[in-house]
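Listed in order, the protein sequences are those of chains A and B.
Using my numbering, the letters of the first sequence correspond one by one to residues 6 to 401.
Using my numbering, the letters of the second sequence correspond one by one to residues 6 to 401.
Among these hints, one or two may not hold up.
You can't tell identical chains apart in this list, so a pair holds if it fits in one copy or across any two.
Listed next, the in silico DSS-like pairs over lysine-lysine satisfying Cα-Cα at most 30 Å (straight line) [as the list claims (entries may be wrong)]: (1) Lys343 - Lys244; (2) Lys212 - Lys190; (3) Lys298 - Lys398; (4) Lys244 - Lys267; (5) Lys212 - Lys157; (6) Lys244 - Lys17; (7) Lys343 - Lys326; (8) Lys398 - Lys190; (9) Lys298 - Lys267; (10) Lys343 - Lys398; (11) Lys343 - Lys17; (12) Lys157 - Lys398.
Simulated from the structure, these hints should not be mistaken for lab results.
Here the structure is a predicted model, which means the values were calculated and not measured.
2 protein chains.
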Amino acid sequence: MIRGLVVTNTTKLVLLSLDGLGGLPHPDTGRSELETARIPHLHALAGRSACGLIRHVAPGITPGSGPGHLGLFGYDPLRYQVGRGVLEALGIDFDLRAGDVAARGNFCTVDRAGRITDRRAGRIPTELCASLCQRLRQIRLPGVKLFVEPVKEHRFVLVLRGTGLSGELSESDPQALGVPPRPVKALAPAARRTAALTNGFVAAAKKALARQAPANMVLLRGFDRLPRLPAFPRTFGLKAAAIAAYPMYRGLARLVGMEVLKTGATFADEVGTLRQHWEGYDFFFVHYKDTDKAGEDGDFPGKVAALERFDTLLPEILSLKPDVLAVTGDHASPALLKGHGWQPVPVLLWSTFCGADPVTLFTERACAAGTLGTFPAQDLMPLALANALRLTKFGA
Amino acid sequence: MIRGLVVTNTTKLVLLSLDGLGGLPHPDTGRSELETARIPHLHALAGRSACGLIRHVAPGITPGSGPGHLGLFGYDPLRYQVGRGVLEALGIDFDLRAGDVAARGNFCTVDRAGRITDRRAGRIPTELCASLCQRLRQIRLPGVKLFVEPVKEHRFVLVLRGTGLSGELSESDPQALGVPPRPVKALAPAARRTAALTNGFVAAAKKALARQAPANMVLLRGFDRLPRLPAFPRTFGLKAAAIAAYPMYRGLARLVGMEVLKTGATFADEVGTLRQHWEGYDFFFVHYKDTDKAGEDGDFPGKVAALERFDTLLPEILSLKPDVLAVTGDHASPALLKGHGWQPVPVLLWSTFCGADPVTLFTERACAAGTLGTFPAQDLMPLALANALRLTKFGA
Numbered sequence: 006m007i008r009g010l011v012v013t014n015t016t017k018l019v020l021l022s023l024d025g026l027g028g029l030p031h032p033d034t035g036r037s038e039l040e041t042a043r044i045p046h047l048h049a050l051a052g053r054s055a056c057g058l059i060r061h062v063a064p065g066i067t068p069g070s071g072p073g074h075l076g077l078f079g080y081d082p083l084r085y086q087v088g089r090g091v092l093e094a095l096g097i098d099f100d101l102r103a104g105d106v107a108a109r110g111n112f113c114t115v116d117r118a119g120r121i122t123d124r125r126a127g128r129i130p131t132e133l134c135a136s137l138c139q140r141l142r143q144i145r146l147p148g149v150k151l152f153v154e155p156v157k158e159h160r161f162v163l164v165l166r167g168t169g170l171s172g173e174l175s176e177s178d179p180q181a182l183g184v185p186p187r188p189v190k191a192l193a194p195a196a197r198r199t200a201a202l203t204n205g206f207v208a209a210a211k212k213a214l215a216r217q218a219p220a221n222m223v224l225l226r227g228f229d230r231l232p233r234l235p236a237f238p239r240t241f242g243l244k245a246a247a248i249a250a251y252p253m254y255r256g257l258a259r260l261v262g263m264e265v266l267k268t269g270a271t272f273a274d275e276v277g278t279l280r281q282h283w284e285g286y287d288f289f290f291v292h293y294k295d296t297d298k299a300g301e302d303g304d305f306p307g308k309v310a311a312l313e314r315f316d317t318l319l320p321e322i323l324s325l326k327p328d329v330l331a332v333t334g335d336h337a338s339p340a341l342l343k344g345h346g347w348q349p350v351p352v353l354l355w356s357t358f359c360g361a362d363p364v365t366l367f368t369e370r371a372c373a374a375g376t377l378g379t380f381p382a383q384d385l386m387p388l389a390l391a392n393a394l395r396l397t398k399f400g401a
Numbered sequence: 006m007i008r009g010l011v012v013t014n015t016t017k018l019v020l021l022s023l024d025g026l027g028g029l030p031h032p033d034t035g036r037s038e039l040e041t042a043r044i045p046h047l048h049a050l051a052g053r054s055a056c057g058l059i060r061h062v063a064p065g066i067t068p069g070s071g072p073g074h075l076g077l078f079g080y081d082p083l084r085y086q087v088g089r090g091v092l093e094a095l096g097i098d099f100d101l102r103a104g105d106v107a108a109r110g111n112f113c114t115v116d117r118a119g120r121i122t123d124r125r126a127g128r129i130p131t132e133l134c135a136s137l138c139q140r141l142r143q144i145r146l147p148g149v150k151l152f153v154e155p156v157k158e159h160r161f162v163l164v165l166r167g168t169g170l171s172g173e174l175s176e177s178d179p180q181a182l183g184v185p186p187r188p189v190k191a192l193a194p195a196a197r198r199t200a201a202l203t204n205g206f207v208a209a210a211k212k213a214l215a216r217q218a219p220a221n222m223v224l225l226r227g228f229d230r231l232p233r234l235p236a237f238p239r240t241f242g243l244k245a246a247a248i249a250a251y252p253m254y255r256g257l258a259r260l261v262g263m264e265v266l267k268t269g270a271t272f273a274d275e276v277g278t279l280r281q282h283w284e285g286y287d288f289f290f291v292h293y294k295d296t297d298k299a300g301e302d303g304d305f306p307g308k309v310a311a312l313e314r315f316d317t318l319l320p321e322i323l324s325l326k327p328d329v330l331a332v333t334g335d336h337a338s339p340a341l342l343k344g345h346g347w348q349p350v351p352v353l354l355w356s357t358f359c360g361a362d363p364v365t366l367f368t369e370r371a372c373a374a375g376t377l378g379t380f381p382a383q384d385l386m387p388l389a390l391a392n393a394l395r396l397t398k399f400g401a
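Hey, can you work out the whole structure from these sequences and the hints?
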């Protein structure tokens, strides 16, 4: 429906995603990370904005970074699912192409009878992982090109490239000890050849790793191909750029057809990149990672500090005078949970036409009373487009 | 589901639709039209009612008057779409019948080679439009009756009446200059005869208008037939009447099977009509246009004044002692936008059983905190019926 209503104009839209934004009250103070932090610019902006809470998947469901961001980009994350193999490949900036099949791999330990004794091979160092991957790259399979890319510790990505491949494969990882890895099975007739190729890779890997204990075997799971997503620029009529220091988020943006801009390692670098490319695009997705990192570490003061660092750079973004600015996150990462949370995430939406709103603080509690209410992530883009006057009337 | 739960009783329900009700804060004062107006009766009623915000189509989507009202009448506006030709016909009180095909027409200007030079023929006066329509009515087509009705300036409505007609036709208006009008094409095999008849009309119109420059040609778009809607009185078990000074809203009410009551040009006339027919019906839809007119004109003080005029007549409606009273609108028309807006629209629902609610002001901001929350328009009728004790239990 949206595509049929889109009109173009010269407005500029910015989506700021603070990864893992939402939190939970600290047991000692009763105040969440957002309620503890000194974030005067965010609070002032919330006072001028329409506020609410975003639910990314469904009540009680904790979103991964993939569905979390796809929702913010306007895609129903239940309809457009991305396999773990694909997400891992995106996460290391691997140039995954249409038709490639990607899987998440683990180096593991098996005993003489081939039974798994450690699913993570004692979490071998990343350097060792890289040299073992180098060894597995020597494997040759008929008619397909093979990529084996190290990730971190015992993790790697396997990619098969060729024609007629399918990701409809069962996993080799039994997720249990004392049993051997399972053969990979085709879950659809069209996947039979890919299953055979994959089992060929596993057999060859077993041979190549025979003397490499503890990393003497591999486990594979999360087989998938790149999903076919409607292109973001075409769907929303926006020339769109992504600015993210972390590869996973660049990969997700590339997946929906945004252009990925080269940037540095810090958020200040990202804001500099935004300024530099301001004239070249209609829409910018800017990703801030520090909030999630501290949340996942269970580091409450660290998350507070990350929010405060973000706040000091917000005026520089505002000085570019975007027509529409949305500030939110892809999921909660409460320090109390040391990981992603299912809680809905605060959102503020500012434009000349965003309307009156009683909210004056950018916190979980305050945003719950906002005029936007609690809404699905995929509604954010239509709201942002409306605020940019980029949608015509539905019906006469 | 609703139809199976409906029971009848002697309660009376009133739906007051303030067209274009919602607004946006004035940049100088930070207060919306509703927050600026002196509307003591509306505020007092909100204090006794359950309040909330109505979303007519989807987040960010600006509803036209058709989908806006169909939602208030209990129909999902995405499921029941009404073409522009039909809405135009309803808007001039044309007695459109099942099977008729209606199109929106423009008089336009073409050059000697037949290329469009002005899609609106210089916005010819309405009187000239009427006399040209009279000329086009002379056209004869085999097996169908033809109606050509003037609207305003260059606009007219074309209606074909006969058996076996179809509205699945492409538009002749290319929405561009320098090219000739397009032939009308059948979008389905069943529409081939209607396409041929329509092209016959266009060819005859071209001949008839040859010396009438600037209005020397016609453009047609928005072909459609009356949609088949479940009848409102049968669905909800209500003898229903519509009171509206403007033809478009009478047409929409007739479309769902309400009886349209004769009334005058002012809202005071409408309230008089309501009083006069109070005993004759279970349900009254009463439409107030002035709020939308001022909003579309960008006239902030005018919209404030329209709200205040409505407020002075509210006690007369209350004095009739309806069992259920809903006050809301079909879409926002913020003066700031000079047109329809996508913002959800305040709603109050009063009955003996409407429940406790913290809202004491009938404004966008206050209603956001109401117990009804933000909800789809088509949920209003079931809520109103429940408050009239006209719905039985679902399940034992």
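TODO: Against the earlier hints, flag every one the structure doesn't satisfy and list their numbers going up.
DONE: The structure conflicts with no hint, since it agrees with every one listed earlier.
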